[in-house]
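Chemist: From first to last, the protein sequence lines are chains A and B. Here the first sequence stands for residues 1 to 155, numbered as in the working numbering. Here the second sequence stands for residues 1 to 181, numbered as in the working numbering.
Calculated pairs, DSBU-like style, for lysine-lysine (alpha carbon to alpha carbon, straight line, at most 30 Å):
| no. | chain 1 | residue 1 | chain 2 | residue 2 |
| --- | --- | --- | --- | --- |
| 1 | B | K106 | A | K64 |
| 2 | B | K27 | A | K47 |
| 3 | B | K133 | A | K47 |
Everything labelled a hint here was simulated from the structure, so no lab data went into it. Since the model is a prediction, treat every value here as computed from it, not as a measurement.
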Amino acid sequence: MSVTFEADLRNLNALYKNIRNEVFKTLPNKLEKQIISDINRGVSPVKGNRFPKYSVSYKNAIKKGRYPGKSIAPVNLTLTGKMLKSLKLKLKDNLSVMTISVMFSDKKAKYHDIEGAGKSKVIRRMLPKSGEEFNARTMKLIRDEIKKAIRKFTS
Amino acid sequence: MSYPKIQKKLKLNLSDIPKSQQAQAKKDVGEFIINEILRYTAKGESPVSGEGRFKTLDKDYAKEQKGGNRTPNLRLEGDLLEALDSRNNSGNQITIGIMKDSQMGKADGHCNFSGESKLPKRRFIPEEKQTFKQPIMRGIKEILDGYRETGPGIGITRPGESVSTTITLEDILPKNILDLL
Numbered sequence: 001m002s003v004t005f006e007a008d009l010r011n012l013n014a015l016y017k018n019i020r021n022e023v024f025k026t027l028p029n030k031l032e033k034q035i036i037s038d039i040n041r042g043v044s045p046v047k048g049n050r051f052p053k054y055s056v057s058y059k060n061a062i063k064k065g066r067y068p069g070k071s072i073a074p075v076n077l078t079l080t081g082k083m084l085k086s087l088k089l090k091l092k093d094n095l096s097v098m099t100i101s102v103m104f105s106d107k108k109a110k111y112h113d114i115e116g117a118g119k120s121k122v123i124r125r126m127l128p129k130s131g132e133e134f135n136a137r138t139m140k141l142i143r144d145e146i147k148k149a150i151r152k153f154t155s
Numbered sequence: 001m002s003y004p005k006i007q008k009k010l011k012l013n014l015s016d017i018p019k020s021q022q023a024q025a026k027k028d029v030g031e032f033i034i035n036e037i038l039r040y041t042a043k044g045e046s047p048v049s050g051e052g053r054f055k056t057l058d059k060d061y062a063k064e065q066k067g068g069n070r071t072p073n074l075r076l077e078g079d080l081l082e083a084l085d086s087r088n089n090s091g092n093q094i095t096i097g098i099m100k101d102s103q104m105g106k107a108d109g110h111c112n113f114s115g116e117s118k119l120p121k122r123r124f125i126p127e128e129k130q131t132f133k134q135p136i137m138r139g140i141k142e143i144l145d146g147y148r149e150t151g152p153g154i155g156i157t158r159p160g161e162s163v164s165t166t167i168t169l170e171d172i173l174p175k176n177i178l179d180l181l
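With the hints as extra help, turn the sequences into a complete structure.
Modeler: Here you go:
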């Protein structure tokens, strides 16, 4: 004797699409705010990284008023604010994969994150590389938004 | 003069976390707490349970040292909070706090573990009977829970030398849907 079960999975694609659309609607704005808020408070958005303090010569220049409005601490990578404003998020629309691209278009970002800034070439990591993660709070934000979207369409 | 150590030992619930992952879990919790201390203090707030916002800076001091910004953030030169670190102890314990002796006097000035500080209390490390604020304690629990379960498949890719990160939420449905609910 045998029993046969059948499951109609046609709705799964629609479910996936709904969840993806919800994630795309809610996550990018929150993610952008979280990254900028962390940098403003001197916290690296990248897991396992901290922003080293500014060099003595840079601090002296700030104290002498060479960069009006700039403070010594926290290390917030902000002088004109142009670099942080260049953060952009792009969403990729694909039925099987949800993709969010996060990018600083200002070229100063490359100095801080990859090549090192100033004479001492100090690296202050702003975005994770392949195999790395965002810091715990940001990863939680991403997971929570996905969970919320899944619950919204499955409960 | 010797100052009390401005450090806090925390016992973590590592049950059901594989032994091979416990050291990393402790490290992650330590890093999370340090980031939270940096976040809280940057906005002039104590991360310690029962402690509120820090007392506003004196107007003249703020004008002279902080460009007029009266929000106390425990950062003048940045040395104190740079000395903030976490250490994995044996068993289920970690230590969070100021790890450089040269910064201990300054740290006690703010935290007043000695009871002798004349400065306004701006405590950023809990005393023995205190703990961190609830959102931080919840965050610690969530990090440890993350080691007990399979999370969503979040991959991060970053091609070449661009400062651009791609979060790929790949195929989390239907593979991991049950883990997420």
